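Just so you know, the sequences run in chain order A and B. Quick note, the first sequence lines up with residues 1 to 503 if you use this note's numbering. Quick note, the second sequence lines up with residues 1001 to 1173 if you use this note's numbering.
Some hints here could point you the wrong way.
[As the list claims (entries may be wrong)] Just some of the chain B residues that point at chain A, by a computed CB distance under 10 Å: (1) 1050; (2) 1051; (3) 1141; (4) 1162; (5) 1164; (6) 1168.
Just so you know, the hints here were simulated from the structure itself, not pulled from any lab data. Keep in mind the model is a prediction, meaning the values are calculated, not measured. The beta-carbon is built from N, C-alpha and C at its ideal position, and this holds for glycine as well.
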Amino acid sequence: MRHFLILLLWLAAAPAWAHAVLLDTQPGDGMRLDAAPAEIRARFNEPVDAIAVRLIDAQGQTVAGPAATATDSTVTLPVPANLSAGLYIVSYRVTSADSHPVAGSVQFGIGIGPTAEGQAHVAGHHDGDRLSWVAALNRALFYASLFVAAGSALFIVLVNAGTPAGRVLSGAAALAIVTGAARIGLQGLALADLPAGALASVESWRVGASTTLGQSIGLTIVGLAAMLLGRRSTPVVLSGAIIAVGAVALTGHAATAQPRWVTTPAIFVHALCVAFWLGALWPLDRALARPDAVAIVRRFSVLAGVAVALLVASGAAIAANQVRGWAPLVDTDYGRTLLVKLGLVAALLLLAAWNKWRLTPELARGETTVLLGQTPPPRALNLHEGHAHGAGEAAAGIAVVTSARDRQVLIEIDPGRAGRNTIELTFSDTAGRVVTPLEVSLFLAQSSAGIEPILRQPEKVANGRYRLTGPELAVAGRWLFRVEMLVTDFDRLVFETDIDIKP
Amino acid sequence: MNCITLHAAGIAALAVIATAHIASAHVTLEARQAPAASTYKAVFNVGHGCEGSPTTKIRIQIPAGVVGVKPMPKPGWEVTVVKGKLAEPYMDHGKTITEGVTEVTWSGGKLLDEHFDQFTARLTLPDRTGEIWFPVVQECEKGANRWIEIPAAGKSADDLKSPAARLVLTPKP
Chain A
1 MRHFLILLLW
11 LAAAPAWAHA
21 VLLDTQPGDG
31 MRLDAAPAEI
41 RARFNEPVDA
51 IAVRLIDAQG
61 QTVAGPAATA
71 TDSTVTLPVP
81 ANLSAGLYIV
91 SYRVTSADSH
101 PVAGSVQFGI
111 GIGPTAEGQA
121 HVAGHHDGDR
131 LSWVAALNRA
141 LFYASLFVAA
151 GSALFIVLVN
161 AGTPAGRVLS
171 GAAALAIVTG
181 AARIGLQGLA
191 LADLPAGALA
201 SVESWRVGAS
211 TTLGQSIGLT
221 IVGLAAMLLG
231 RRSTPVVLSG
241 AIIAVGAVAL
251 TGHAATAQPR
261 WVTTPAIFVH
271 ALCVAFWLGA
281 LWPLDRALAR
291 PDAVAIVRRF
301 SVLAGVAVAL
311 LVASGAAIAA
321 NQVRGWAPLV
331 DTDYGRTLLV
341 KLGLVAALLL
351 LAAWNKWRLT
361 PELARGETTV
371 LLGQTPPPRA
381 LNLHEGHAHG
391 AGEAAAGIAV
401 VTSARDRQVL
411 IEIDPGRAGR
421 NTIELTFSDT
431 AGRVVTPLEV
441 SLFLAQSSAG
451 IEPILRQPEK
461 VANGRYRLTG
471 PELAVAGRWL
481 FRVEMLVTDF
491 DRLVFETDID
501 IKP
Chain B
1001 MNCITLHAAG
1011 IAALAVIATA
1021 HIASAHVTLE
1031 ARQAPAASTY
1041 KAVFNVGHGC
1051 EGSPTTKIRI
1061 QIPAGVVGVK
1071 PMPKPGWEVT
1081 VVKGKLAEPY
1091 MDHGKTITEG
1101 VTEVTWSGGK
1111 LLDEHFDQFT
1121 ARLTLPDRTG
1131 EIWFPVVQEC
1141 EKGANRWIEI
1151 PAAGKSADDL
1161 KSPAARLVLT
1171 PKP
């Protein structure tokens, strides 16, 4: 008994130990090496025991080799001689004197700099699963019906109030509501990586609705519903159409890129102009049969001229903001899509000019042709699809919202595939107002590949908005995102969510 | 008490001590429990700096319900208090007190990583049982440690990276 008491006293009097802290590694985090190192060393502030220290390649495979050894405060992991060039992750889990485990990961590259440009994706292919085709088809239908519905409403209000707002407008609006709602669910499926059957589950809808895409489509549906319900009131139809189309500006990389005071209004104007043109197809065609066709086409012509000017100006602003320079025009998917789109715009402008200077006078002389109604709008459809891809909200990239207490963070990952990514964090309160943290830390871990948390300090790019560009998500699979937000000196919020990174 | 029960009690006590020992890695209170509504001498143990860098400032946030806070001066350190609206106003000699100390700071000193020191304040604890947490910000010449994490209800502080200093309030004697 006396011995036991002495033991208790000794334990109680033992010094208060600190957890072990990693001081540095050789090679260092983010370092580029020309050749494989003979060994990897990690130095801690106190003696540690190595529990699991491993070297993981960009495919997520642990490099086979001898186990790590710990001498005093330094852990040494021998590296096989035949290590090939590429990106590597050193993941460590050690215990310190207080037997508390301490874990983390650092990255280095052999022959490539982990922080340099051009870190190739492991695979750039689009997975051909049926779900993504369904989603793409659904998206095309959604945009087409949205623009037909809103555009014809704009036409009726702005050009010719006499056009009967009949079945086409209602049918298109209804189709846009259905396909829009489906997009929310499909987005949820894609984000949560659920099977198609899970579309019946609450989870996929909850996840989909929590994204900016979900919020944007929700607003669009409200606008469309207003158009349908308030069909007899011109102000209701007009504002419904503007809300339905304008909501497009709430999501997507192009619309949310900095500076937002340029990009968001630009996308808003761009979408309205596209809708106006596309929506003009059907009512213009109907108007041709009417005795006052000439007056209608003249009025459309004037407005179309304004729309073209706004379309080109807003498009140029968006493109300039996204591309920045000439090389990316041919080097990136976005740039190539943009070039195709610009070609289509040029063709469209020629047709519009032909419409204005040849066809309209012809019409005035009584030589009506059916070509008129068909000219601009079908190109407008292509135009928009190109734009939607450029905006890339759902096609490329991942957006997830996760909340803690009264705050939420939007995590956007571009391109959202294994390799080099840009991760953007936007902090807001429950009312959606942007809040600015004192400090932001991001931990990235993938337990299935044995990658312990990689700690990063994202760079502040605007109030409440932080960005990290780098190769941290080198390995495909389910990553744990842990975002720590310092609200006040004494209050830190932790957000945690799993995000699947595709190969 | 026979030898076997004594042995079992010893192992149980050891387990308790060992658990408490793990928690001692952080800025902690010397006395981990105190009776509700009692006057309590809060002694904060600081056992290390920030990744080797010496400590230059200790900031303690006073949790809701803790009143009558008086920090003890410390040679070599300047002590300051922040006063503000109390989250839980209280009655003192028939008067309602709505303002009080919300934060205590010791600054200007230098506590090396290899040394140990204590920071003391006298305060009155709330009249309830359960846990209360004192968030502590430890500022160093290079960097800072924020001992500000509070576990969710029913969760243990063992999983937290940098928990706040914990005090258990026991029923009034």
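How the hints compare with the structure:
| no. | hint | in the structure |
| --- | --- | --- |
| 1 | 1050 | 9 Å, holds |
| 2 | 1051 | 5 Å, holds |
| 3 | 1141 | 15 Å, violated |
| 4 | 1162 | 9 Å, holds |
| 5 | 1164 | 8 Å, holds |
| 6 | 1168 | 17 Å, violated |
Of the numbered hints listed earlier, those contradicted by the structure are 3 and 6.
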